[in-house]
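Those protein sequence lines, which keep their order, are chains C and H. One rule links them: number in my numbering = place in the first sequence (from 1) + 1157. One rule links them: number in my numbering = place in the second sequence (from 1) + 29.
Don't take each hint at face value.
[Unchecked claim] Incomplete in silico selection of chain C near chain H, CB under 7 Å:
#1 Ser-1200
#2 Gly-1268
#3 Thr-1272
[Claimed, not checked] Not everything, but these chain C residues come out facing chain H in the computed CB check (under 7 Å):
#4 Leu-1203
#5 Glu-1209
#6 Phe-1224
#7 Ile-1250
#8 Ile-1255
#9 Thr-1262
#10 Gly-1266
#11 Pro-1267
Treat the hints as calculated values from the structure; they're not laboratory data. Quick caveat, the model's predicted, so the values are computed rather than measured. Ideal Cβ positions, reconstructed from N, Cα and C, are used throughout, including at glycine.
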Amino acid sequence: GAVVSQHPSRVICKSGTSVKIECRSLDFQATTMFWYRQFPKQSLMLMATSNEGSKATYEQGVEKDKFLINHASLTLSTLTVTSAHPEDSSFYICSAQIAGGGTDTQYFGPGTRLTVL
Amino acid sequence: EDQVTQSPEALRLQEGESSSLNCSYTVSGLRGLFWYRQDPGKGPEFLFTLYSAGEEKEKERLKATLTKKESFLHITAPKPEDSATYLCAVLLYNFNKFYFGSGTKLNVKP
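Just chain H, with the same shape it has in the complex (with noise of 0.2 Å):
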């Protein structure tokens, strides 16, 4: 069963310390992972989008990593207004849409 899976569930962190959110799938056929970030009640934010194992992509204080099994998203020295939760999805080849990870709640505190 394909299935994706992020952790923490929360994570709080002091401004200016860094840290990763993982993002692990087990699916057949990976043809795209992608990063959002959603603040409350408001739609999801388009981050990144990684196709192959070993791609990288950076935007401000994020980065985001793929290897064949999990994806990191890397926050350097974190902002409060970083906080949000964060959400990865995976796309299938056999499928048109997104199966989504429950997220990663992140605090950031001053």
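Okay, chain C solo, but in the shape it has when bound (with noise of 0.2 Å):
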């Protein structure tokens, strides 16, 4: 139980050009998700917690315009980094936590590889 799925697993795109990270609860309704980004070698930096239904909330640092988050459903949520830039290459991670689920634990997607030519 408690599968986060993320597509797509690997990305390529040019300079410039938007790309899309979905981040889907497989078999639970999620509440709430999170968006990582990790760099080599390094922990889990959080970018923005997003609630269904209401704007994610970015952390300090992260730009809002950059970083497009959607949380349409209670299993959707989508990542849009706008005109990528390579210095956008990153690791990226989804997290969801289960809605009424009586946990605060975090359920993490096996992540999607950025890479800005």
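Build the complex from these two chains, which are given one at a time in their own frames, with help from the hints.
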């Protein structure tokens, strides 16, 4: 149980283009989803928290207009990297909390490797 | 300032050589502490949640414990497949978000 998927797993794009990453909770509903970024050999850095049906809460230093987050349903959140540049290349990971599950545990997706040329 | 520190940064063990990983924290209002395992190029895999000092959780060769200042992840008779980075994270009462430590990279040699 508590499976989270991400799509795509890898994406390569040209500088200036936008990329959308999907995060789905497959066997549970998620009131809250989180987006993280991870640089090589470093820990996870929280980018934003999204709640279904409301605007995402971004961490300090994360550009809202660059990293657009939409949480349209209880099983889907999307992260769009707009006008991507090489410095946006990274490993993006989402997580989800079970709605009404009585647990604070975050279940993580497998991650998306973004490479911007 | 809230801090989560993991030690050691890296640990090499021989197969069967038991050891412990440490996660120390200085935070206000700890709600829970979480342990995850992360393999290269993958998302973290949930291992344990601990909520109260004195609490212990076990799963196969792993056992997690919690005090008021730190948590330990004990690995008994590890196998090469236990090689991974182990992350701890704390959750505070006032904020529904995790504060992650920097992780311990464990390498178990056959």
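Cross-check of the supplied hints:
The beta carbon of Ser-1200/C comes within 5 Å of a beta carbon in chain H, closer than 7 Å, and the hint placing it at the interface holds. For Gly-1268/C, the interface hint holds, the least distance from its beta-carbon to any beta-carbon of chain H being 5 Å, beneath 7 Å. At a threshold of 7 Å, the smallest CB-CB gap from Thr-1272/C to chain H is about 13 Å, leaving the interface hint violated. At about 6 Å, the closest approach between the beta carbon of Leu-1203/C and any beta carbon in chain H falls short of 7 Å, and the interface hint on this residue holds.
A distance limit of 7 Å between C-beta atoms decides the matter here; for Glu-1209/C the minimum to chain H is near 14 Å, and the interface restraint is violated. This hint is violated: Phe-1224/C has a C-beta 16 Å from the nearest C-beta of chain H, more than the 7 Å allowed. A distance limit of 7 Å between C-beta atoms decides the matter here; for Ile-1250/C the minimum to chain H is near 5 Å, and the interface restraint holds. At a threshold of 7 Å, the smallest CB-CB gap from Ile-1255/C to chain H is about 11 Å, leaving the interface hint violated.
At a threshold of 7 Å, the smallest CB-CB gap from Thr-1262/C to chain H is about 6 Å, leaving the interface hint in force. Given the 7 Å rule on beta carbons, the hint for Gly-1266/C holds: about 5 Å separates it from the nearest Cβ of chain H. Residue-level restraint check for Pro-1267/C holds (minimum Cβ-Cβ distance to chain H is 5 Å; threshold 7 Å).
The structure is inconsistent with the numbered hints 3, 5, 6, 8, although it conforms to all the rest.
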